[in-house]
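Participant: If you're matching them up, the sequences are chains H and U in order. Take any residue in the first sequence, note its place counting from 1, add 212, and you have its number in the working numbering. Take any residue in the second sequence, note its place counting from 1, add 983, and you have its number in the working numbering.
Worth flagging that the hints you see were computed from the coordinates, not collected in a lab. Each residue gets a CB set at the ideal place from its N, CA and C atoms; glycine is no exception. Some hints here could point you the wrong way.
Partner residues are not named here, just some residues of chain H that face chain U (Cβ under 8 Å, in silico) [as the list claims (entries may be wrong)]:
1) 231
2) 233
3) 237
4) 238
5) 241
6) 256
Derived lysine to any residue pairs resembling SDA-like cross-links, with alpha carbons at most 20 Å apart [said to hold, decoys possible]:
7) U/1166 <-> U/1156
8) H/225 <-> H/238
9) U/1166 <-> U/1119
10) U/1169 <-> U/1159
11) U/1169 <-> H/237
12) H/245 <-> U/1020
13) U/1166 <-> H/502
14) H/225 <-> U/1166
15) H/225 <-> U/1170
16) H/225 <-> U/1129
17) H/245 <-> U/1116
18) U/1166 <-> H/224
19) U/1166 <-> U/1116
20) U/1166 <-> H/245
21) H/245 <-> U/1032
22) U/1169 <-> H/245
23) H/225 <-> U/1100
24) H/225 <-> U/1119
25) H/225 <-> U/1109
26) U/1169 <-> H/231
27) H/225 <-> U/1032
28) U/1166 <-> H/221
29) U/1169 <-> U/1109
30) H/225 <-> U/1113
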Amino acid sequence: MTETPSSDSFFDKPEGELEAFLLRIARADAAPKAARERTVQAVGSVALGLGVLSGTAALGSRTTLLKGTSWLVAKWLAAGMGTGLFGVAVTQGVQQLVSEPASSPASHALSAPPRTPVRPNLSSALVAPDSVTAVAEAEPPAPSATAPATPAPATPAPATPAPVVRAPERTSAVAPAAIGPGFSMAPVTSAAREPKGPPATSSVAAEAPAPANSRSSLTRELTILEQVHSALAQHAPGRALQALDDYHAEFPRGSLQIEAAALRVEAVGQSGNHALAQRLARAFLASYPNSPLGARVRAFSEVFVGDAPKP
Amino acid sequence: MSDLSLALDGPPEANARGTLGKPETRARALVNDHFDFVWRLLRRLGVPEADADDAAQQVFIVGTRRLADIPLGNERTFLYGAALRVASTLRRNSARRERFIRSAAGDSEASTRSPHDELERRRALAFLDQLLSSMDDDQREIFVLCEIEELTAPQVAAIVGVPVGTVASRLRRARHSFGAELKRLKAQGT
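The shape of chain H in the complex, shown without the other chains (with noise of 0.2 Å):
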């Protein structure tokens, strides 16, 4: 409840004036710049996305309120490509384009980064765990036993002078570690001291294409993760744990990990065992304390609070 307002305030106007008092200070609050700059990245990557995933089944003309996956991945690609981790993100597949350079539809909407800084938790937080895994390459406590293509060219990517892009203090303390089928967190610290990628202008990101293969598992993972909002939805958080799990099975260390992650919280929230979702709810928080999905899932961490005790 807020609590009344003090004596020498709006409060003792008479009723009528308070009355026009309140509503013409609603009339001009006015949202804080940098929510607005956070939604012009957000939405210039969906356009690009629009671009690079068009006609694939995951971005195509499905058009539902709320449709979180694709948000979800709005957001990763606004962090990927603001912060220019994207094009560390796709170092390892550089390579490989070597020997098959694929001129895909990809890069072209890739050239052109957005403008606006990126929100540093976005980037923190929801970076490609490729990316992570480029980064985490020159630091040997990273768990990378399971990356396919370890070494990592030798790319200016990672070598470019990266200016932190905002304030640094609101970057994550810790980066995102692959997340199993069991759900482990481990915290990869080494990234975090990383410099959080180059200006969004940088031509590495711009120059570096997408290999196809990568696109068309990102709309796989993607069509898997909006299978579990869709089980989500209609309170099947049986099937929704099912689907996280063959999630998890085909890819390990998918993109959309971190969105996995939260949507597995709210799956076995759904399920019943809170006690478990709360569990599961603090670690993703400890793990990626600055990811924007954290509000929902502190959300049901919160609404598990008074339940916890309960079998």
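Mind docking chain U on chain H? Use the hints.
Facilitator: Same frame as chain H, now just chain U:
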């Protein structure tokens, strides 16, 4: 919602820039032209400040993905409608409802470091949100669109998807409820 032809958005040329060009350009114009309206609407419909950012992004991402379906000049109508649905979805999630209301009322409380005017402003907004939260959701939507966004009844009817007469009757009840709650809280506070 697709056949709205009410001039909510002003002269088309104000919104037409980039529409013949890349979707990205139109999408950015969409945000630049309408972000404040959408954000404010979400806040007054009860979306907590901490969530308003993400909720507004959802609205604009929906708008961007459906750019081709939005007639020129009807952008704001579309976005308002989308914002109502996003806010309503958040409200409807009953599991989160309590937290939702609590934080919506609480997060506007000013920090002690704010200058006096900012403090007063945030308190006023928190108080307003408290008044609004006493209304039915249907009434609240109408009240916010009419009294804060200052749209006409036909415009609101088009956005909400109800007859004009329904808008008028809901607005009447909303005003009554608002006035009564204001009186009650004021009596309580003095």
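Participant: For each hint, tell me whether it holds in the structure or not.
Facilitator: To see whether the hints hold, each was checked on the structure:
1. 231: Holds, because the Cβ-Cβ distance from residue 231 of chain H to chain U comes to roughly 6 Å (cut-off 8 Å).
2. 233: 7 Å, holds
3. 237: 5 Å, holds
4. 238: Holds - the Cβ of residue 238 of chain H comes within 8 Å of chain U, reaching about 5 Å at its closest.
5. 241: This hint holds: residue 241 of chain H lies near chain U, its Cβ roughly 5 Å from the closest one there, short of 8 Å.
6. 256: 5 Å, holds
7. U/1166 <-> U/1156: 15 Å, holds
8. H/225 <-> H/238: The given pair, whose Cα atoms are some 17 Å apart, holds under the 20 Å limit.
9. U/1166 <-> U/1119: 18 Å, holds
10. U/1169 <-> U/1159: 15 Å, holds
11. U/1169 <-> H/237: 18 Å, holds
12. H/245 <-> U/1020: Holds, at roughly 13 Å.
13. U/1166 <-> H/502: Not OK: residue 1166 of chain U and residue 502 of chain H at ~42 Å, beyond 20 Å, violated.
14. H/225 <-> U/1166: 12 Å, holds
15. H/225 <-> U/1170: 12 Å, holds
16. H/225 <-> U/1129: Distance ~23 Å between residue 225 of chain H and residue 1129 of chain U Cα, so the pair is violated.
17. H/245 <-> U/1116: 26 Å, violated
18. U/1166 <-> H/224: 12 Å, holds
19. U/1166 <-> U/1116: Holds, because 15 Å separates the two Cα atoms, which is no more than 20 Å.
20. U/1166 <-> H/245: Answer violated: residue 1166 of chain U to residue 245 of chain H is near 35 Å, above 20 Å.
21. H/245 <-> U/1032: Judged against 20 Å, a Cα distance of about 14 Å means the pair holds.
22. U/1169 <-> H/245: Given that 20 Å is the threshold and the Cα spacing comes to 34 Å, the pair is violated.
23. H/225 <-> U/1100: 16 Å, holds
24. H/225 <-> U/1119: Violated, because 26 Å separates the two Cα atoms, which is more than 20 Å.
25. H/225 <-> U/1109: 16 Å, holds
26. U/1169 <-> H/231: 11 Å, holds
27. H/225 <-> U/1032: Roughly 26 Å separates the two Cα atoms, so the pair is violated.
28. U/1166 <-> H/221: 16 Å, holds
29. U/1169 <-> U/1109: At roughly 14 Å apart (the allowed maximum being 20 Å), residue 1109 of chain U and residue 1169 of chain U satisfy the hint.
30. H/225 <-> U/1113: 17 Å, holds
Going through the hint list in order, the structure does not satisfy hints 13, 16, 17, 20, 22, 24, 27.
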